[in-house]
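Asks: Let the sequences and hints guide you as you build the complete structure.
Those protein sequences? They're chains A, B and C, same order as listed.
The numbering of the first sequence is this note's numbering, which starts it at 20 and goes up by one.
The numbering of the second sequence is this note's numbering, which starts it at 20 and goes up by one.
The numbering of the third sequence is this note's numbering, which starts it at 20 and goes up by one.
Possibly wrong hints are sitting among the right ones.
The list treats identical chains as one, so a pair stands whether inside a single copy or across any two.
[To be verified] Straight line, CA to CA, 25 angstroms or less: simulated DSS-like cross-link-like pairs of lysine-lysine:
#1 K122 <-> K390
#2 K453 <-> K151
#3 K390 <-> K451
#4 K151 <-> K258
#5 K86 <-> K390
#6 K383 <-> K86
#7 K91 <-> K122
#8 K91 <-> K383
#9 K41 <-> K63
#10 K91 <-> K453
#11 K151 <-> K390
#12 K151 <-> K91
The set of hints was computed from the structure by calculation and includes no laboratory data.
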Amino acid sequence: MSNFSGYPGLEDAGETMYSLVKDLYPICRSITGNGVRVTLDRVKQRIPLAVHEVPSGTPVFDWVVPKEWNIKDAYVLTPGGERIAEFSKHNLHVLNYSIPVHKKVTLEELRRHLFTLPSHPEWVPYRTSYYKENWGFCLSDSQAQSLPDGDYEVFIDSTLEPGHLTYGELFIQGESSEEVLLSCHVCHPSLCNDNLSGIALTTRLAEYLAERQTRYSYRFLFIPGTIGSITWLARNEGKTTNIKHGLVVTCVGDAGAFSYKKSRRGTAEIDRAVLHVLRHSREGFREIEFYPYGYDERQYCSPGFNLAVGSLSRSSHGQYPEYHTSADNLDLVSPESLQESFETYLDVINVLENNRTYLNLNPKCEPQLGKRGLYGDVGATAGAKLKEMALLWVLNLSDGEHDLLQIAERSGEAFADIQNAAEALRRCDLLKEKSDGAAV
Amino acid sequence: MSNFSGYPGLEDAGETMYSLVKDLYPICRSITGNGVRVTLDRVKQRIPLAVHEVPSGTPVFDWVVPKEWNIKDAYVLTPGGERIAEFSKHNLHVLNYSIPVHKKVTLEELRRHLFTLPSHPEWVPYRTSYYKENWGFCLSDSQAQSLPDGDYEVFIDSTLEPGHLTYGELFIQGESSEEVLLSCHVCHPSLCNDNLSGIALTTRLAEYLAERQTRYSYRFLFIPGTIGSITWLARNEGKTTNIKHGLVVTCVGDAGAFSYKKSRRGTAEIDRAVLHVLRHSREGFREIEFYPYGYDERQYCSPGFNLAVGSLSRSSHGQYPEYHTSADNLDLVSPESLQESFETYLDVINVLENNRTYLNLNPKCEPQLGKRGLYGDVGATAGAKLKEMALLWVLNLSDGEHDLLQIAERSGEAFADIQNAAEALRRCDLLKEKSDGAAV
Amino acid sequence: MSNFSGYPGLEDAGETMYSLVKDLYPICRSITGNGVRVTLDRVKQRIPLAVHEVPSGTPVFDWVVPKEWNIKDAYVLTPGGERIAEFSKHNLHVLNYSIPVHKKVTLEELRRHLFTLPSHPEWVPYRTSYYKENWGFCLSDSQAQSLPDGDYEVFIDSTLEPGHLTYGELFIQGESSEEVLLSCHVCHPSLCNDNLSGIALTTRLAEYLAERQTRYSYRFLFIPGTIGSITWLARNEGKTTNIKHGLVVTCVGDAGAFSYKKSRRGTAEIDRAVLHVLRHSREGFREIEFYPYGYDERQYCSPGFNLAVGSLSRSSHGQYPEYHTSADNLDLVSPESLQESFETYLDVINVLENNRTYLNLNPKCEPQLGKRGLYGDVGATAGAKLKEMALLWVLNLSDGEHDLLQIAERSGEAFADIQNAAEALRRCDLLKEKSDGAAV
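Replies: Below is the structure:
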């Protein structure tokens, strides 16, 4: 579908990310509990994550950190004595956050606690009940249809008790205190694209950036969806003013074309940077206007914060049939897709890191590029201009009103070509950065 | 063509309006004279109209109120002694504002005073000569073609003398002194769509609003076209600053799709409100940019006033074959079309009345809707969001910069859904109106 | 392709321009030297051009005026004793700015100095080497392919010595000190469309305007490309603030559809004026966004000047196969195309000269046009409005915020109709110019 940008030395990133997905797949996660802790431990083996524990009952804006949920086992015993919907076989079988239960029920009562997906009769749906106490089982519609009348035994060996909400955070200091936020949710159980792919990509990105000098600081959040971002924002309100750009990382492992959901602002630098990258290298991508649903961008883009946070994914929230079902498994994601997504994120970061505003130091007429070795010698061929256009655009638009990304957008040239041209001109003292501060 | 919005108790509005059209059809109206007075008397039987009389000769901006015209009878006597173009059979037969005449003329001279419509040879055209004294007859082209040579007798028993220009006005006081202007012209003789339909709809709207508490005040004008709006504006210049929204009501009885001609401003709230309503419920409607021709919006939108007045009609000015001909009769309009137009006006008024700007009182992250009973309990189904989107949009955009109509526009949701969501959130103290004054 | 606007008395302009092209065709021009002087002498026979000589070595912004180049003869002698690539037969055969050379070379060495056009094997390309000393020959690819092995004699009898850069300038004083700049390049040797057509049209335009009273002053530049505009700008920096509108005149003699390359500003009055004219009368024209390549607009639109200078041509820079080849000859251009281009320039100048902002002196409601003889007498016909729309638009939009060109754009009426309407209204004292200064 798209061409790999090619980052030498990073060719095996896709395989590494896929391994992590595989490793994390069996774990039963939720918005709290040991599943998250185990997951963060595995991530910690690769990057120096700080793990935070926030006690149940802590008020976070309009919300309260809920009780901690853990589960050991669960199943339904049929009248014929068969165990079905066994947690040990697939953790999606249990309604996530089910309270403990062990009793006999009629088929009629059982049905009020069963969740199925009639449109895909062989798949098990993923369902949760975080904020209203309930118990339930998810199973394939075909199995649910064939249940005989009679008495059933339901058994859920879970706990829902005061404990903690757990999240991971890594901050990498760059030259500037201005930050790029990369946020992924870690609350989904055995679901690969949504969002083990996001955890794996975010981890690999952190590994990569930790080894480099960067202009921006980078903040990585591994948080339970909704309550996690609300908790982080409530505890770190003062830090949000440093967040200049951000992305919610999710659904980056499937084979679908890329989609970008813009920030609430709609024309923030992150929006322009991502769309520039997609336009220049990713065919068939979808540009999605902000809407107040989806993932944690909902919280980052709430009106009281209105951060410049978008979400770059492949198939997007709720838009693929396997979404929130047992079919979002290890077959749906691939090393190749993860690799391509990773390189797309690197391309975006490259734009952010290098998007500066320059001043043309020779603004009256063009400078003589030839005497500086920047220009073809024998003029007047139609083809020659192709190599020079990036130089000419940078000179023409470096009036202090256009950053390099705007020059790339107006010229139609790729950002990398514009960036190279600016660098060449800067070396010849034809350009200087408008402000030597970290950002424009 | 479109679905009726359904206003319980108003199902017979179409029939009522059609009756009024039928009642007013035979009357010969003009820009002055007894036809207007009789018409306003009939309207007055339904709503407490104030009738104003402005003397001929009164200067009104660049114009002067003309002499009053009245007519008793008119016809042409053929060489064979047959009466044709009889006023008593159809008042369109006389050139409106014809001076009195009674003499013998040759066919040649007669022809200089005949008006026909060759493109529709059986129809009688509607012609006027308000500001240049003239006499004339309008008749079907087929009849005009068959006139034999010889001497004709022309007889017009009219008067053109100092008198008055008559118009009707009704003001309904609302909570706010800011007004909605609804203006219709009452100068056309036996023409149903243009504009007995407008008179009937405006009357019914006034009846409806007079019974209700409204946010805005409403001003209804029943005026002769052009000279009437000029006269009103000249006499009420000081009141125009209160006019916040306005519509010229015309051509609302035929079966054509809706058309909306925008105000000169083009993006006024009335423009956005009407277009929102049409987009969400009226298929095949036409959006027409303002142009300085048409009906009284020409005067309301003259540069010295530039009021936010558009015109909401079905088939629009000059755009249907029956326009200004004897074919604009009782068959062209129907109770069904009038009903649908009436409900469309009510929908627009509903938007204006309820379009307020709110502030999200919990702007940092989303509030927990579930604990307030505003949210589905079992999360994570793709379908569930549909019911919640209006709530989420209102919360996300209630930053004081967006009114509800803008939220409806950006979200793609219908205004009524956005309004309901805002009301639900306000009841939960999650929202308060930005300013408690009457309007945003 | 397009309709001639018809300027009575100017019907032979095309023929006159074509004669000048024919007259100038044989001369070998370059960015300096006697070819330019002879060319300007011929132009001077028609218009009172001032010819300026700027010494080699003069610094002009980042550049230095180069040595002067002149040439008497050049050819290649084949092993068989045949003279090929003879300058006396076609001046394109010599690499423009070739240093003198006279020696024996092998075919292999010769080939390093040959330029051909394989895509058009019978055409001779046009090549230059102004700023890197070199010698070379241009010839048809088919001839170059057939050269036998052996020793060749190359002979170029040129001089490259301190001298001058020559350019021509004509300033016509108008009512206002604000200027329209018309600039053409005079450095191309035997190439007709690019740019003898431009020289001819600019000359004819200067003749035309010299005979008339104009609102604007007009400045005509006949300059070598790039170094010429840089030199002029360096010597006349203070004058540039008077340049309100400008066009680079080039490629106006071929049969292609018109193209307009916008100024860097993109929405300057000159951009809107040219596009209005093309939209209303020239089918199939192309609208080209500014890019920092092409002709002297590169310099005029450099960020330190950012002048409102576009380029109006037919086939545009590099976009026709004959561009910069021997096929850009007297057959490529025609009197008809030159005539049409000339009239298009006149149309644009007409818009600029007449584009004023007026104030409606009767802004409250429409004035009564009928009593001033500006209106049809018998109202109410659908057709009548057509004649009146321009009057109504001018009245409606003459609020001091719209110039006539904006009124033409918004109304969809042709500028000439809007201008006529404004003139009629001004005569009736319904309109006055907003500011009686020269320009809006």
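Asks: Each hint: holds or not?
Replies: Cross-check of the supplied hints:
1. In this homomeric assembly, K122 and K390 never come within 25 angstroms of each other (Cα to Cα): the closest approach is 88 angstroms inside a single copy and 29 angstroms across copies.
2. For the identical chains of this complex, K453 and K151 are neighbours neither inside a copy (55 angstroms) nor across copies (33 angstroms), given an alpha-carbon limit of 25 angstroms.
3. In this homomeric assembly, K390 and K451 come within 25 angstroms of each other (Cα to Cα) only inside a single copy, at 19 angstroms, whereas the closest approach across copies is 56 angstroms.
4. In the homo-oligomer, the alpha carbons of K151 and K258 never lie at most 25 angstroms apart, since the shortest distance is 32 angstroms inside one protomer and 57 angstroms across protomers.
5. Taking the shortest Cα distances, K86 and K390 sit within 25 angstroms of each other only across copies (15 angstroms), while inside one copy they are farther apart (72 angstroms).
6. Taking the shortest alpha-carbon separations for K383 and K86, only the inter-copy value of 23 angstroms comes in at or below 25 angstroms, while the best intra-copy value is 67 angstroms.
7. For the homomeric pair K91 and K122, the shortest alpha-carbon distance inside one copy (17 angstroms) is at most 25 angstroms, but the shortest distance between copies (95 angstroms) is not.
8. Proximity of K91 to K383 under the C-alpha cut-off of 25 angstroms is found in neither arrangement, the shortest distances being 74 angstroms within a copy and 36 angstroms between copies.
9. In the homo-oligomer, the alpha carbons of K41 and K63 lie at most 25 angstroms apart inside one protomer (16 angstroms), although the nearest pairing across protomers, at 81 angstroms, exceeds that limit.
10. Taking the shortest Cα distances, K91 and K453 never come within 25 angstroms of each other, neither inside one copy (60 angstroms) nor across copies (51 angstroms).
11. In this assembly of identical chains, the alpha carbons of K151 and K390 lie at most 25 angstroms apart only when taken from different copies (9 angstroms versus 74 angstroms within one copy).
12. Within a single copy, K151 and K91 get their C-alpha atoms as close as 21 angstroms, which meets the 25 angstroms cut-off; across copies the closest is 81 angstroms, which misses it.
Violated hints for the displayed structure, listed by number in ascending order: 1, 2, 4, 8 and 10.
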